[in-house]
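Whenever a hint applies, use it, and build me the whole structure from the sequences.
So the protein lines, in turn, are chains A and B. Take the first sequence: its position 158, counting from 1, is numbered 157 in numbering that gives the first Met the number 0, and each next residue is one higher. Take the second sequence: its position 7, counting from 1, is numbered 6 in numbering that gives the first Met the number 0, and each next residue is one higher.
Keep in mind that the hints are not guaranteed to be accurate.
Per label pair, the in silico range of CB-to-CB distance [said to hold, decoys possible]: (1) B:21 - A:194: 39 to 47 angstroms; (2) A:155 - B:44: 55 to 63 angstroms; (3) B:24 - A:155: 41 to 49 angstroms; (4) A:51 - B:53: 45 to 53 angstroms; (5) A:112 - B:18: 13 to 21 angstroms; (6) B:18 - A:280: 32 to 40 angstroms; (7) B:24 - A:290: 21 to 29 angstroms; (8) B:21 - A:141: 40 to 48 angstroms; (9) B:24 - A:113: 28 to 36 angstroms.
These are calculated hints, taken from the structure and not from any lab test. By construction, the Cβ of each residue, glycine as well, lies at the ideal position given by its N, Cα and C atoms.
One letter stands for each residue in the lines below.
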Amino acid sequence: MTGKDIAQVLNFASFRPEPDDPTAAWKRRFPGGKSLFFGLGKQSLSVHPSLKGGKFGKPELIREIKDLKETLGGVGHQMAKDFTEAGWCAICLNTRYIISLESNLSRRPGSEEIVKTNPRTVLGGRYEKGKKYAVTHNPETNSSILLTIDEEQLKKIEVAFKDSGLQIARIFCGSYVLLMHALSTINTTKGNEKPASGFVITLCEGAVCALVQDNDKWLELRSRTDVYEDDLAPALELVSPFQARISADMPVYVVADTQIPGLAESVEQIFRGHKVTDLSQPNLLWTLATEN
Amino acid sequence: MQIQRRIIDDFKTDRKDILPPLPTVLRLIPVLFYCSIVLVAVLASLFWLQLQVARERLVQHERAVADADAQLQRIKDEKGRLEGLILRANNVEKWIAGSQPIQPLAVAIARSIQKGSTLVELKITRKDGSAGQLQLDMRLATSDQRQLDRTINAIAAEGYRFISPQQSVSNGVIEYKSTLIWQNARPETNEET
Numbered sequence: 000m001t002g003k004d005i006a007q008v009l010n011f012a013s014f015r016p017e018p019d020d021p022t023a024a025w026k027r028r029f030p031g032g033k034s035l036f037f038g039l040g041k042q043s044l045s046v047h048p049s050l051k052g053g054k055f056g057k058p059e060l061i062r063e064i065k066d067l068k069e070t071l072g073g074v075g076h077q078m079a080k081d082f083t084e085a086g087w088c089a090i091c092l093n094t095r096y097i098i099s100l101e102s103n104l105s106r107r108p109g110s111e112e113i114v115k116t117n118p119r120t121v122l123g124g125r126y127e128k129g130k131k132y133a134v135t136h137n138p139e140t141n142s143s144i145l146l147t148i149d150e151e152q153l154k155k156i157e158v159a160f161k162d163s164g165l166q167i168a169r170i171f172c173g174s175y176v177l178l179m180h181a182l183s184t185i186n187t188t189k190g191n192e193k194p195a196s197g198f199v200i201t202l203c204e205g206a207v208c209a210l211v212q213d214n215d216k217w218l219e220l221r222s223r224t225d226v227y228e229d230d231l232a233p234a235l236e237l238v239s240p241f242q243a244r245i246s247a248d249m250p251v252y253v254v255a256d257t258q259i260p261g262l263a264e265s266v267e268q269i270f271r272g273h274k275v276t277d278l279s280q281p282n283l284l285w286t287l288a289t290e291n
Numbered sequence: 000m001q002i003q004r005r006i007i008d009d010f011k012t013d014r015k016d017i018l019p020p021l022p023t024v025l026r027l028i029p030v031l032f033y034c035s036i037v038l039v040a041v042l043a044s045l046f047w048l049q050l051q052v053a054r055e056r057l058v059q060h061e062r063a064v065a066d067a068d069a070q071l072q073r074i075k076d077e078k079g080r081l082e083g084l085i086l087r088a089n090n091v092e093k094w095i096a097g098s099q100p101i102q103p104l105a106v107a108i109a110r111s112i113q114k115g116s117t118l119v120e121l122k123i124t125r126k127d128g129s130a131g132q133l134q135l136d137m138r139l140a141t142s143d144q145r146q147l148d149r150t151i152n153a154i155a156a157e158g159y160r161f162i163s164p165q166q167s168v169s170n171g172v173i174e175y176k177s178t179l180i181w182q183n184a185r186p187e188t189n190e191e192t
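Okay, structure coming up:
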């Protein structure tokens, strides 16, 4: 036992999860609330400082990034000093991932956790070396939503941030988080007595994901990254073909990383006749990231 | 169906040495530590206050002792002074008790002088340090040889005893010297007791 261990017991740090403990919620790791979130796109980097008291600072967006390491090198140390506790930050990955709809994946108990450590046992033949996975099973059917991220890219990101004086406490996929948030909001009734339907659209800093759920069944999923920047038109154009494929009475749920003025109206123009619900809230993604 | 929220999936490369947090119940250890510090601080403050009070009382006590000592010394000095006065008073009393009035002796001597005789000179001196002893120097002009005997008898009748009497005659004047001791004088030892 060292003096540092004793100090950590006395300042109660030992009773909190370590800052990079993936099994703990963010708010338990950083009870002070001060942290820094990055949104990483193909050629963009957004910065979202989380302040004390659950508030968020003014976000910044850096466009036309050629080299992430070079971009972070200029501002990383200062941001680590200004907005973080010991440089800890979280990265929302908005590019170079795949969200897909799979079926007949292993449903052994704890498979959603096992897929992180031993993906082959859950994915079987769908497993690819050098990839990291997350999975969410549909409890009523044999379909699952599978998130795939390239491990090599993750390592490059980790090195770039580490070299800039920042320590990565979490890397997550914003679209996947928003999709899970929308699904947990829509599907709240246990069992299959009251099946839910809906067309879910997620928009997360240029990434778009659309899922069709009909009577608890996940029928179709489409995910694209780096679709839009400021103008939502490319994203809406991507989801517009679903208008013809979904049933007339199917409600549409749209959720974005933050509240976008006129989003619901824009979606309503495409999905005429459908009930459109905007689940977005100001800083929703970052609020979810700090609460879970 | 129900899809429950869970902790956000994390894709960073995990450290191998991540430790779980300590059990919540062990928070009692630092809590007790801080409580003990507060308790120690409170007790130390109380003890410090008590120490200040005790020091103040000690100073007051020492001052009282010093006052008492000074008073005792004053009383001792007063006692010594009074004892000195008592000693002097005793000595005066002894001296007074030891001395005898000379007037009756002088009267007896004067009355013993008969017609035809003259007391030329009479000197009665009390000796220093011995109140009971008188030095008698007397000169008688007389032709009567019995005059001196009558005077000596008169002195003896007053209770005095003669020690070392000396008598000389010159030109009809008898010069008589003697030390007189009063016979009835109380002994000094009895006086002291």
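21 to 29 angstroms as the expected CB spacing between residue 290 of chain A and residue 24 of chain B, which holds or is violated:
Hint holds: Cβ distance 26 angstroms, inside 21 to 29 angstroms.
Starting from the range 39 to 47 angstroms, see whether the pair residue 21 of chain B and residue 194 of chain A falls in it by beta-carbon distance.
-> 44 angstroms, holds
Supplied distance hint 32 to 40 angstroms, evaluated on CB atoms of residue 18 of chain B and residue 280 of chain A: Holds, at about 35 angstroms.
Is the gap between the beta carbons of residue 155 of chain A and residue 44 of chain B within 55 to 63 angstroms? About 59 angstroms separates the Cβ atoms of residue 155 of chain A and residue 44 of chain B, which means 55 to 63 angstroms holds.
Original post:
When you take the CB atoms of residue 21 of chain B and residue 141 of chain A, is the distance between them in 40 to 48 angstroms?
Top reply: 41 angstroms, holds
Review point. So does residue 51 of chain A sit 45 to 53 angstroms from residue 53 of chain B, Cβ to Cβ?
Key: Roughly 49 angstroms apart at Cβ, these two residues keep to the hinted range, so it holds.
Next item on the list: Hint says 13 to 21 angstroms; check whether the CB-CB distance for residue 112 of chain A and residue 18 of chain B agrees.
Entry: The hinted range 13 to 21 angstroms holds for residue 112 of chain A and residue 18 of chain B, with Cβ atoms some 19 angstroms apart.
task = Note whether the CB distance of residue 24 of chain B and residue 155 of chain A lies within 41 to 49 angstroms or breaks it.
result = 43 angstroms, holds
Could one say that the CB atoms of residue 24 of chain B and residue 113 of chain A fall in the range 28 to 36 angstroms? 30 angstroms Cβ-Cβ, so the 28 to 36 angstroms window holds.
Of the numbered hints listed earlier, not one is contradicted by the structure.
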